[in-house]
Every structure is written in C-alpha cells, then in structure tokens.
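In order, the protein sequence lines correspond to chains A and B.
First residue of the first sequence: 286, per our numbering; consecutive thereafter.
First residue of the second sequence: 37, per our numbering; consecutive thereafter.
Because the hints were derived from the structure by calculation, they are not lab data.
These figures come from a predicted structure and were not determined experimentally.
Misleading hints may appear alongside valid ones.
[Unchecked claim] Derived DSSO-like pairs: lysine-lysine, alpha-carbon spacing no greater than 27 Å straight-line: (1) Lys268(B) <-> Lys316(B); (2) Lys328(A) <-> Lys428(B); (3) Lys44(B) <-> Lys364(A); (4) Lys428(B) <-> Lys44(B).
Given next are the chains, with one letter for each unit.
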Amino acid sequence: MKKTAGRPEFPSTALKREVVIIGVGNQGRNDDGVGIFIARKLKAENLPQTRIAFNSGEAASLMDSWNGSDTVFLVDAVKSVASPGHIYRFNAQITSIPKVFFNSSTHNFGTAAAVELARILNRLPRFLIIYGIEGKCFEAGWGLTPEVEKAAKTVVRMLLADIFSATAYVSNKNGGI
Amino acid sequence: MKSKKTIKVDYLSRVEGGGGLLIKFRDGEAADVKFKIFEPPRFFEALLRGRSYTEAPDITARICGICPVAYMMSSSQAMESGLGVKVDGQLRSLRRLVYFGEWIESHALHIYMLHAPDFLGYQDAIQLAGDYPDIVQRGLEIKKLGNEIVALVGGREVHPVNLKVGGFYKVPAKQDLCSLIERIKRVREAAYETVRWTSTLSFPDFEQDYEFVALSHPQEYAILEGNLISNKGLNITINKFEGYIQEEHVAHSTSLQASIKERGAYAVGPLARFNLNFDKLSPVAREAAREVGMEPGCRNPFKSIIARSIETLHACEESINIINDYEVPEKPAIDLKPRAAASYGCTEAPRGICWHRYILDDNGTISAAGIVPPTSQNQKVIEKDLLQLVRKNGHLPDDKLTWMCEQAVRNYDPCISCSCHFLELKIERD
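Chain A with its partners taken away, still in its complex shape (with noise of 0.2 Å):
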C-alpha cells in the first residue's frame, strides 16, 4: 500500500497556522530511529510555521506532543510483514491505526494505542497524517540498514511536499499570511 503524497483533504474551517512534524521511536534500537532520524533531517530545513518533535512512542506523551495542534504528520517505525523499507500511509481521521503496527514501543502502548484512545477521548488532531516506515533491524544498535534509509529519503521529500501543501492551505484558508 504505498502511497504517494497527494493533497491532503484538509477539515473545511480554519485551522491554527502551525504545522507538527513527531519523529517517534529509539534511536538506540536501529531502525526503530527511523521517525526521529526523518524529524532531524526535516528540523535541519528550518521550515516555517513547522514545529519539529521527537518521542519514544509511549503513548500518553504522544498524545501532550499533540495537543492544541491542528495539523499533525508523525513517523514511526513499523514491524509487520512488510518488505523492509515499506512506506504507508494513513490518514487517522479515516483510517483505524491497526494494532500490530507500531508495536515496538514500551510496554505495546505506542503510537496504536495513542491514536485510538486519542479518538475515544475526542483528542485527535483534525488532521493527522500518520507514516509507517517498515524496518528491518530492531536490536539494540545505531544507525539504519541501507533498505530503511532509502525510504526515510523518500519519506522527507513525501513530508516536505505534505508540510509546504498544508502550510500553504492553512494560509489561504485563514486569510493568507
């Protein structure tokens, strides 16, 4: 299921001006600094109106890292059955984030978890862009296997394209800049 990164379908009314960009996993696991090691690299563009973070994945402090934000794009690293290198994409207004991924956090209470109890608890971002980046290598380690970097390339190019489109829309939407 990859997907390329088109227009987002943005909710109609006005949205704050800030964009959210959360780099999620452990850098000390491998591929699991997937999500942080795509949030450096975007913090190194100094974009406008883009608010970099970066978290474990422990649910709870994901969804702080969220809140009051409007617009959100998170990374994550993702185990599933995938090819190594896999990129997907959900859009979590729409789409139910499926358990089994994004499993690699503490205690299995990640980013999964933060993002279905974010909607029961009514604390979803109007918009929220998840990434799943399929990883390889999970041990204890650092740095990403070569099938890993290549996609997270592929995923800032994908989220630079997804931040200027929202930036852009959240300018005109809110009377321009």
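Please arrange chain B on chain A, whose structure you already have, making use of the hints.
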C-alpha cells in the same frame, strides 16, 4: 486414562519486553508453570566494563524507558559511595523529586492503562476509555504530571540527561519548580480518587505467604537509600546483598532469577514497600489507605494496584513538600576524585529494588559491574503465584484461566526489558 492439557500465552500483552507463560496440567492438576522470558539478553554489565564511572548513569539509563531514573540513581549512588562522598541537602531533595516523578508516571501508566482493564473485563485501555473516558483521562492527567516533573528536573521525559554522578548538570530555579505546585495539588486530588477507585475493584480471593523485601529508611518511605529488610527477619546493608541473595539461570528464561539463599522466592515492589514501610507514608497517603481498608500485612498480590495508587498519592504529597522547602543549591554537583573501590547502590524503582555493584580501578574505570533489576527478583514469586492460582482455579475454562494468569503476572508490573530482559502464555492439560 491419563489426560494432558497445555495452556499457552505466546506473547503476553501490556507488559514491557518479550515473554510468555506455559502452564501444564496432568490428570487435571496443575503440574508445572513457567514464566518464560525470551527477550534477548543485552549484556549491559559487559558494556560497562572499561568505561568511566561517570558514564554509568547514562549507560544504565538505557536499560529501561520507563524507569531510567531508577538506574541512574542506583548507579550514581553506587559510584558516590565507592568514592567516599554523599550527595545531601537540596541536591538529595531534587533526586527524590525526579524519582517521585518517575513513580507517578510509571504507576499511573500501569494502574490505568495496563492493569485496570484486567479487573474490569476489558482487553485494553482503549476499550476501557470507550465506557469510562473520564477515568482514563484522569490516569493520563496523573501520568502527564510525572512526565513533567522528570522533564523539568531531569532535562527530558525519557532517558533524562541532567542527572550525573555527584548531582546534576544544572539545577532548576525555585520559580520553575513552584510553577508545578498547583498542578501537583490537582493531581494529588486525582491520586486520592484513584486510591478510592482501585479499592472498589473486584479482587480474586488469593493470598500467599510472601517474604517481602524493600529498602527501609529511618525517617522516610525509602526510595533513595536504606537497609534491605523483609517481613521474615532480613535486615542487611546493601553491600551484603550478594551474601544473602543468589541469582541463577533457568533454561526457560533469558533473565537470571533471584532468590534468598536457603529460603527461596521473595517479592519486591509497591506491595512490599507498603507492607514494610507503611508508617513512613505521608499522612494523607496513610489516611487514604485506612479509608479504603488497606492495612499493612496485605498478602493479596492483586491488591498491589491499591498499593501503587497509595504510593502515587504519597509521591504527589512529598513532591509538594520538596518544592516548598527548595532552595537553589550553591553547586549543581559535588566534585569527585576517582579511586579504586568496590561500590554499591540500591534504590526503589517503581517495580522494586534496583541493586548495582561496580568495581573501579584507580582511575575510576569500571572493571566489573553487576545489576539486579526488580523483575529478576520477582520472577520466582510470579511463578509460585501462578502455580497456586492455577491449582485453585484449574476448573475454570481456559480463556478465563488465561485471563486470570495474565492479570496475576501484571500484579508485578514486570519490566522484562529490564530483567534481560517479555510474555507468552501456554497451558498444557493432560
């Protein structure tokens, strides 16, 4: 005709790390229970060899994402004792504060998100939130405060970066800590409600004759230091730990199992601390315990959820006291000079005592390290609980028995990543 039956949980959820359960029945009787741990060993003790004593807190913090402060405190204090210094006064108070932050976040996570669903018949906190959103919100609010305390004093929520041997890299300003006071007071109310709420849960009729072990401090509900005591006469300084406690390898676990020499299994954690140190709890926490009928001497491990709630209340109360009394220390840390030493540290992680031993050479380089995390210590008692529980409830259908067994394992909030450091349940009936 002989009959055989096996119940197996391949991968137990809502615990930290990789493990499982195997329960074998022969002729209708529970014959064997194994708490299997298959999380790959992580060799932290070997990783520490050749590193400077100053690196131990940051390296050991990586053992656990839920209780890094426990590892940082035990290793820091071990180094300090070996190098002949004591961190006291406001620096010690700040250490207690950041540790209480960790207790609050870890306890709130376990009470609301991991253990409460067992008692109320839900698969997970998401289902629980569907019917009881306010309760789950309360848990999240408590947890958030714990995260904030750790972030403020420790520099960040997970794997804090501001703690070091000798104290801190930077100490907070009084007004920074005071900014938390009103929040802590609100969360203290929520914690009190949590004690009342957990006491109304339905607890299986199950009691065992445990040896509870915890740190004991003459003035405080021990968290940072003290002697190791038990309800069966153990009273030793922490450097005598290896003389009384043995660790052994069993084939079904990648984590060593600890026991008291010539006596066997023992339990550490909130229920042990509550039973052994009840008189040192804050007045409000003691009052809450009495209000809900929770008295020291409790031998029902399922009631550990109440003990955890009481400790959360205590941690809020003590955090307020620490902040009210806080004065910015002159220096953020005490200077240390390396020397050859055998050094020991032991503190109360949310799940129980976390014991460390190091051998340092003249330059302060670590030549040997030994770490005994709480889950290693609770493994044997978990297996004993499960065997007795299955013997008592073996007539139940497999799905109900499996549920009860998983709930019983979670009584101890096992952190398998720490102990090796996870869960799968398999029941075999002949």
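Structure-based check of each hint:
1. Taking the CA atoms of Lys268(B) and Lys316(B), the gap is about 19 Å. The hint holds against a cut of 27 Å.
2. Only pairs whose Cα atoms come within 27 Å are accepted, and Lys328(A) paired with Lys428(B) is rejected, the gap being roughly 58 Å.
3. Between Lys44(B) and Lys364(A) the alpha-carbon distance is near 23 Å, which keeps this suggested pair within the 27 Å criterion.
4. A hinted pair counts as satisfied when its Cα atoms are at most 27 Å apart, and Lys428(B) with Lys44(B) qualifies at roughly 18 Å.
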